[in-house]
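Single-letter residue listing:
There are 2 protein chains.
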Amino acid sequence: MRISLQEAADKLREAGRIVVTAHVNPDGDALGSSLALYHLLQKLGKTVQVLIDDDIPDAFGFLPGIEVIAKPDEEKYQADLLVLLDVSMDRVGRVIERCPAPILNIDHHITNDEKADYLYLDADRAATAEIVYQLAGALQVVPDKAAATCIYTGMSTDTGNFRYSNTTPFTMRAAADMIEAGAEPHVVSEALEKRSFKEVQDRARAMQTIEVCADGKIAGLYIGNDLYETLDTTEGFIDGVRIIDTVRVAILMKEVEPGKCRVSMRSKGVDVSSIAASFGGGGHIRAAGCTIEEPLAAAKAKLLAAVEKAV
Amino acid sequence: MRISLQEAADKLREAGRIVVTAHVNPDGDALGSSLALYHLLQKLGKTVQVLIDDDIPDAFGFLPGIEVIAKPDEEKYQADLLVLLDVSMDRVGRVIERCPAPILNIDHHITNDEKADYLYLDADRAATAEIVYQLAGALQVVPDKAAATCIYTGMSTDTGNFRYSNTTPFTMRAAADMIEAGAEPHVVSEALEKRSFKEVQDRARAMQTIEVCADGKIAGLYIGNDLYETLDTTEGFIDGVRIIDTVRVAILMKEVEPGKCRVSMRSKGVDVSSIAASFGGGGHIRAAGCTIEEPLAAAKAKLLAAVEKAV
Chain A
48 MRISLQEAAD KLREAGRIVV TAHVNPDGDA LGSSLALYHL LQKLGKTVQV LIDDDIPDAF
108 GFLPGIEVIA KPDEEKYQAD LLVLLDVSMD RVGRVIERCP APILNIDHHI TNDEKADYLY
168 LDADRAATAE IVYQLAGALQ VVPDKAAATC IYTGMSTDTG NFRYSNTTPF TMRAAADMIE
228 AGAEPHVVSE ALEKRSFKEV QDRARAMQTI EVCADGKIAG LYIGNDLYET LDTTEGFIDG
288 VRIIDTVRVA ILMKEVEPGK CRVSMRSKGV DVSSIAASFG GGGHIRAAGC TIEEPLAAAK
348 AKLLAAVEKA V
Chain B
48 MRISLQEAAD KLREAGRIVV TAHVNPDGDA LGSSLALYHL LQKLGKTVQV LIDDDIPDAF
108 GFLPGIEVIA KPDEEKYQAD LLVLLDVSMD RVGRVIERCP APILNIDHHI TNDEKADYLY
168 LDADRAATAE IVYQLAGALQ VVPDKAAATC IYTGMSTDTG NFRYSNTTPF TMRAAADMIE
228 AGAEPHVVSE ALEKRSFKEV QDRARAMQTI EVCADGKIAG LYIGNDLYET LDTTEGFIDG
288 VRIIDTVRVA ILMKEVEPGK CRVSMRSKGV DVSSIAASFG GGGHIRAAGC TIEEPLAAAK
348 AKLLAAVEKA V
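Chains as they are written, first to last, in the working numbering: chain A, 48 to 358; chain B, 48 to 358.
These aren't lab readings, by the way, just hints derived from the structure by calculation. The reader is advised that the hints may include incorrect statements.
Straight-line alpha carbon distances no greater than 30 Å define the calculated DSS-like cross-link-like pairs of lysine-lysine that follow [claimed, not checked]:
#1 Lys-123/A / Lys-264/A
#2 Lys-192/B / Lys-93/B
#3 Lys-123/A / Lys-245/A
#4 Lys-93/B / Lys-245/A
#5 Lys-93/B / Lys-162/B
#6 Lys-90/A / Lys-58/A
#7 Lys-356/B / Lys-264/A
#8 Lys-356/A / Lys-245/B
#9 Lys-315/A / Lys-162/B
#10 Lys-241/B / Lys-349/A
#11 Lys-118/A / Lys-245/A
#12 Lys-58/A / Lys-123/A
#13 Lys-315/A / Lys-192/B
#14 Lys-245/A / Lys-315/B
Given only the sequences and the hints, what does the whole structure look like? Please build it.
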């Protein structure tokens with residue numbers, strides 16, 4: 048059932064014991080929104096537990112309250128309300144079965160499955176953290192430095208640090224309020240940009256293998272399984288391809304296991320979601336992905352044939 | 048003579064023919080501020096000329112009005128007012144001698160030489176573009192999309208896209224207004240992030256040579272003259288060093304000609320300006336630079352000795 052922001056705030060006010068969760072493979076918005084809500088609800092005197100059914104990436108260690116996040120264990124969690132943030136019902140792992148409580152879902156993804164008991168969805172918001180910012184207003188709780196840092200981080204990560212097309216005047220004004228409340232842009236950005244020496248070296252090594260074709264309109268990084276196994280992360284690699292001035296489609300192909308290649312594409316104009324769909328994948332016009340069950344060379348040839356036709 | 052923002056606006060209102068200039072080696076704030084003021088003054092019916100005594104980097108080709116910027120030639124320019132933006136009297140090249148008019152200086156650098164006839168200085172602003180934004184208010188001109196894009200670009204570049212510690216709530220709210228007026232964050236950021244394929248390859252090659260010492264506290268990129276001569280740019284290289292998680296001092300050393308090394312340092316805590324000063328350079332606590340008149344190996348040894356003592 049769709050409800051309003053104020054009704055969502057009322058649900059939170061009425062509950063005493065609240066469990067907050069977000070999607071597996073948690074990102075800055077999932078974690079920032081969850082911890083921000085935790086801090087706000089603590090101020091209201093609620094008993095709050097944050098459960099996420101996945102490992103928390105080290106990069107988010109700077110988020111105030113990160114140490115309270117737990118994985119659901121075998122026990123049942125008693126709560127008056129289970130809050131799902133930045134996610135639909137299907138990507139929260141075992142939290143729902145461990146916590147039998149009415150479900151309040153707060154999300155900004157237009158793809159939300161609308162299966163929760165209560166859903167507040169606003170697809171015009173760049174991040175769920177923006178909705179948590181609005182909830183603070185509806186709950187009449189002023190975010191402290193901890194909550195502000197978490198909200199700021201959620202907005203910053205989901206907008207590529209205020210660089211993507213989803214960045215709105217609302218985003219910037221909410222971020223302004225959060226800086227006023229204590230969030231420090233340079234602290235958040237330095238924490239998120241940190242890389243190990245090995246990661247910096249790996250990335251440099253990978254970037255040297257970028258291949259360009261179709262008069263520079265297509266550029267790709269094709270990482271075989273041998274190389275893939277030596278990498279700690281490939282996060283951000285595609286951005287290093289995308290920035291090439293002639294590029295209309297940027298490709299990152301990783302042979303994640305022998306004979307299985309995961310593909311990410313970013314475009315400037317070309318509809319890459321339809322290319323991804325032709326391989327059983329999906330996404331948006333400017334960002335899409337798919338998996339091709341072939342060794343690297345064969346997967347690359349098939350994909351390039353499709354991309355060359357599109358550009 | 049120091050004047051107020053409103054007095055600066057009045058000077059602009061009173062003048063009919065206005066020449067606008069900014070510093071040599073122009074960056075996004077110099078160009079964005081100059082062109083924004085150009086657009087605003089055009090709306091007031093002024094005759095405006097933008098002169099910059101240097102080449103304009105291709106990366107700024109997307110700025111609306113960039114084609115009106117000229118280098119001063121041999122002629123004298125007749126004007127009622129010469130406006131110096133984002134600069135002191137000493138870094139505008141030949142513009143002052145070619146344009147004998149009263150000088151209005153608008154700047155955010157605390158190091159301003161205060162030699163202009165009229166000076167509006169606000170060192171609390173992250174960018175001169177923020178002051179131009181305020182001037183639009185004082186002049187009662189609503190920025191159009193062109194002016195908004197220029198102001199947004201100036202703020203974005205001087206704050207490292209809203210990541211540096213100079214980013215304030217004021218910055219974010221002004222940026223919000225500029226997005227509302229037509230500035231597009233993703234268009235500006237994509238334009239500024241663009242690199243040639245060669246630049247991407249060069250950077251990857253350079254990044255592979257990062258050297259780490261002092262238990263990872265010092266990381267440096269040391270570019271000999273042979274390699275330096277093959278590079279189109281070293282812009283952003285130091286950021287690739289700075290992000291290493293263990294690093295307290297990041298170094299970029301470039302042998303710009305045989306026997307002459309230019310050094311940039313970035314720190315997290317350590318005062319690098321005093322290290323730079325010991326080699327005749329200067330800067331801020333977290334960002335400083337100097338030149339060492341030695342071949343690469345000797346310059347590196349001298350610098351590392353000083354940095355190791357500091358960390």
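Going down the list of hints, with the structure as the test:
Using a Cα cut-off of 30 Å, the hinted pair Lys-123/A and Lys-264/A is violated, with the two alpha carbons roughly 54 Å apart. In summary, the hint linking Lys-192/B to Lys-93/B is supported, as the alpha carbons are separated by about 19 Å, within the 30 Å threshold. Only pairs whose Cα atoms come within 30 Å are accepted, and Lys-123/A paired with Lys-245/A is rejected, the gap being roughly 41 Å. Proposed proximity of Lys-93/B and Lys-245/A is contradicted: the alpha carbons are some 56 Å apart, above 30 Å.
The straight-line distance between the Cα atoms of Lys-93/B and Lys-162/B is roughly 26 Å, inside the 30 Å bound, and the hint therefore holds. Among the hinted pairs, Lys-90/A with Lys-58/A is consistent with the structure: their alpha-carbon atoms are about 16 Å apart, no more than 30 Å. For the given pair, Lys-356/B sits about 49 Å from Lys-264/A by alpha-carbon distance, which is inconsistent with the 30 Å threshold. A threshold of 30 Å between alpha carbons decides the hint, and for Lys-356/A with Lys-245/B the separation of about 26 Å falls inside it, so the pair holds.
Restraint check for Lys-315/A and Lys-162/B: not satisfied, since their Cα atoms lie roughly 47 Å apart, outside the 30 Å limit. Our distance criterion of 30 Å between C-alpha atoms is met by Lys-241/B and Lys-349/A, whose separation comes to about 28 Å. The straight-line distance between the Cα atoms of Lys-118/A and Lys-245/A is roughly 29 Å, inside the 30 Å bound, and the hint therefore holds. Restraint check for Lys-58/A and Lys-123/A: the C-alpha separation of about 22 Å stays at or below 30 Å, so the hint holds.
For the hint linking Lys-315/A to Lys-192/B, the alpha-carbon distance of about 22 Å falls within 30 Å, and the restraint holds. Between the alpha carbons of Lys-245/A and Lys-315/B the distance comes to roughly 20 Å, so the proposed pair stays at or under 30 Å and holds.
Of the hints listed earlier, those the structure fails to meet are numbers 1, 3, 4, 7 and 9, in rising order.
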